[in-house]
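J.: Fit chain B to the given chain A structure using the hints.
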Amino acid sequence: MVVKPKNQRLVLLLLAVVAVLGAVLLAMSAMRDQASFFYAPADVARKGLPLDRAVRIGGMVRQGSIRRHADGVTIDFVVGDDTPATIPVLYTGITPDLFQENSGVVAEGRFRPDGTFVASEILAKHDENYMPPQLGERGLHKTESLE
Amino acid sequence: MHVYANPARFLKLARPLTAWLGWAGVALLLASLAVGLFVAPPERYQGESVRIIYIHVPAAWLAMGGWTGIAVTSLMQLIWRHPLAAVAARAIAVPGSVFAAICLITGSLWGRPTWGTYWEWDGRMTSMLVLLFLYLGYIALAAAEREKGGEGRLTAIFGLVGAINIPIIRFSVEWWESIHQKASISLLEGKVSIDPSMLWPLLGSALGFSLLFGAVVLMRMRAELARNKVEARMKRMAAS
Numbered sequence: 001m002v003v004k005p006k007n008q009r010l011v012l013l014l015l016a017v018v019a020v021l022g023a024v025l026l027a028m029s030a031m032r033d034q035a036s037f038f039y040a041p042a043d044v045a046r047k048g049l050p051l052d053r054a055v056r057i058g059g060m061v062r063q064g065s066i067r068r069h070a071d072g073v074t075i076d077f078v079v080g081d082d083t084p085a086t087i088p089v090l091y092t093g094i095t096p097d098l099f100q101e102n103s104g105v106v107a108e109g110r111f112r113p114d115g116t117f118v119a120s121e122i123l124a125k126h127d128e129n130y131m132p133p134q135l136g137e138r139g140l141h142k143t144e145s146l147e
Numbered sequence: 001m002h003v004y005a006n007p008a009r010f011l012k013l014a015r016p017l018t019a020w021l022g023w024a025g026v027a028l029l030l031a032s033l034a035v036g037l038f039v040a041p042p043e044r045y046q047g048e049s050v051r052i053i054y055i056h057v058p059a060a061w062l063a064m065g066g067w068t069g070i071a072v073t074s075l076m077q078l079i080w081r082h083p084l085a086a087v088a089a090r091a092i093a094v095p096g097s098v099f100a101a102i103c104l105i106t107g108s109l110w111g112r113p114t115w116g117t118y119w120e121w122d123g124r125m126t127s128m129l130v131l132l133f134l135y136l137g138y139i140a141l142a143a144a145e146r147e148k149g150g151e152g153r154l155t156a157i158f159g160l161v162g163a164i165n166i167p168i169i170r171f172s173v174e175w176w177e178s179i180h181q182k183a184s185i186s187l188l189e190g191k192v193s194i195d196p197s198m199l200w201p202l203l204g205s206a207l208g209f210s211l212l213f214g215a216v217v218l219m220r221m222r223a224e225l226a227r228n229k230v231e232a233r234m235k236r237m238a239a240s
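The listed protein sequences derive, respectively, from chains A and B. No gaps in the numbering here: position 91 of the first sequence is 91 in our numbering, and each next residue is one more. No gaps in the numbering here: position 172 of the second sequence is 172 in our numbering, and each next residue is one more.
Isolated chain A (complex conformation) (with noise of 0.2 angstroms):
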């Protein structure tokens, strides 16, 4: 049987695809932790505390958990995900705007042995749902309404 060049082409250059593909998605799930930008709670609960290095750290801060110490400028809060694990967070200085309860945060900073994570960097983040004010200020009266 001949084969047609332009088939022959075909066939070879979609394998070659198909294992370029599958080389790089290999690799990309195998460096999962450490390209991941933060540890989730959950994560420093399994591996342990990095105490040696600045490390970033990330979650949901926990709704109620922010206290303003009476410097003015310190604060501590708690950090969650979807698992039982928190981590207790210490920062002082400037919080972006979108720094809330309830909202997502990435904190950059060093754990001290006894578990507090004391931060020098407090990021904002927030999630994928983009809705006008109205919606979200009686979304926000429902869950107030429930405390």
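Simulated from the structure, these hints should not be mistaken for laboratory data. Quick caveat, the model's predicted, so the values are computed rather than measured. Take every hint as true, because none was put in to throw you off.
Partial selection, computed: residues in chain A whose CB lies under 10 angstroms from chain B: (1) Lys6; (2) Tyr39; (3) Pro132.
Within a straight-line C-alpha distance of at most 25 angstroms, the following computed SDA-like cross-link-like pairs (lysine to any residue) qualify: (4) Lys191(B) <-> Gly104(A); (5) Lys182(B) <-> Asp81(A); (6) Lys182(B) <-> Ala35(A).
Rough simulated footprint, nothing fancy, chain A against chain B, three-plus residues with beta-carbon under 8 angstroms: (7) 111 to 119; (8) 155 to 169; (9) 177 to 187; (10) 191 to 197.
Every residue gets a Cβ at the ideal spot worked out from N, C-alpha and C, and that includes glycine.
T.: Below, chain B without anything else, positioned relative to chain A:
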């Protein structure tokens, strides 16, 4: 597709199509941006800064769509030796790179008021920056190979292999924890989490930018075909 392997036949269609796509794109884009900037509501948390979405997201889609187009035309060039495929792939690269740059710049400006930073090395931002560098490398390689008078086979292979970055950009926010939020519009999951008041101007703007992108690609293809013709004539004149 092979009907348009004849450049003359392609040009007969491309000439009027360029104008139609261009003007329809400009009209739709202006209307959608006007609605997005003046009529659509602010976002409940982000406030007015959300309006960058009407530029940022279409630019991101088109930067990724552009490279997908390069990959498809490169495949057509390598397998079927379609004479216009290489011309189309090269024509996509420059507007594609411009959209990648627009996406990165608007994203950076949006990140400052919302997240509190212009730039972080997270998966989404890094892979998008890689896309811009791939575009620049592709443009340089295509120009160099064209200069040497080759078929552009290396350029096509580069276009094909570079496409691996597209699923990495798409899934970066799902594979890795990132500061960038997950997809708001997912065709895979059939999910849309943008309020219709913001979604419609966004889709209008994306379609307007896409039509404009198409017009620019056709213009660049016509320009390259014209240049080929001139070069061929010069060669004939030099030979005689």
